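Please arrange chain B on chain A, whose structure you already have, making use of the hints.
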Amino acid sequence: DGGITQSPKYLFRKEGQNVTLSCEQNLNHDAMYWYRQDPGQGLRLIYYSQIVNDFQKGDIAEGYSVSREKKESFPLTVTSAQKNPTAFYLCASSIWHAGDTQYFGPGTRLTVL
Amino acid sequence: ELKVEQNPLFLSMQEGKNYTIYCNYSTTSDRLYWYRQDPGKSLESLFVLLSNGAVKQEGRLMASLDTKARLSTLHITAAVHDLSATYFCAVDIDNYGGSQGNLIFGKGTKLSVKP
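Those protein sequence lines, which keep their order, are chains A and B.
First residue of the first sequence: 1, per our numbering; consecutive thereafter.
First residue of the second sequence: 1, per our numbering; consecutive thereafter.
Isolated chain A (complex conformation) (with noise of 0.2 Å):
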């Protein structure tokens, strides 16, 4: 089956440690990205990528980063220096080209402790 999948589904992290959050999918999607969601709030883009050993930033990377080394992987990982990480974050996939729908995994829950 076709389909998206992040890893782990709960995730939880001491404050000062790096950890890293993965994403996979086999639609041959070009296109990967990473969201962040807050309670009660929208989707806010961290970063993306539209083809392997590219991405850009997205709204809000500061304290993240991101490795394309593999089409069908889009890692993320939340560093020390994101002040604020507990949030859930989703992983999403499309073709590239302008109005193609993103799709998204199942989603990571990241807690600080």
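FYI, nobody ran anything at the bench for these hints, they're computed from the structure.
Fair warning: this is a prediction, and the values are worked out from it, not measured in the lab.
Certain hints may be false.
[Said to hold, decoys possible] Sample of chain A residues facing chain B (criterion: CB under 7 Å; computed from the structure):
# : residue
1 : ASN18
2 : LEU43
3 : PHE104
4 : PRO106
[What the hints assert, rightly or not] Derived coverage of chain B by chain A (criterion: at least 3 residues anywhere in the stretch with Cβ under 8 Å from a Cβ of chain A; other residues may be distant):
# : region
5 : 11-18
6 : 40-47
[What the hints assert, rightly or not] Here are the simulated lysine to aspartate or glutamate pairs, DMTMM-like style, with alpha carbons at most 25 Å apart:
#  : chain 1 : residue 1 : chain 2 : residue 2
7  : B       : LYS41     : A       : ASP38
8  : B       : LYS41     : B       : ASP66
9  : B       : LYS41     : A       : GLU24
10 : B       : LYS68     : A       : ASP100
11 : B       : LYS107    : A       : ASP100
Every residue gets a Cβ at the ideal spot worked out from N, C-alpha and C, and that includes glycine.
Same frame as chain A, but now just chain B:
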């Protein structure tokens, strides 16, 4: 800076009633998306609206886009409990004439349909 505003943010309605959710945005775009999110879950794509005057319908939901007014509506007809969810609109930034895939989301409308 593109802003996307939805209203209402909370909507409690009775089964069988009709209602409309509004999505206003502040800059030029002709690509608008509607998503549904159930509590604790991911986003599910509902509609993609790609031109002025676009109208799409699926079951009890109908979405439309007026790019001149920078307004999209999501109309609910004869609501049922299963439609209870949070609905988001998202607008695609048109950067230098081409999509960057950078969606700006509204804050969402939390819909509760009661018997």
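Quiz item: When the hints from earlier in the document are held up against this structure, which numbers fail?
Solution: 1, 5 and 8
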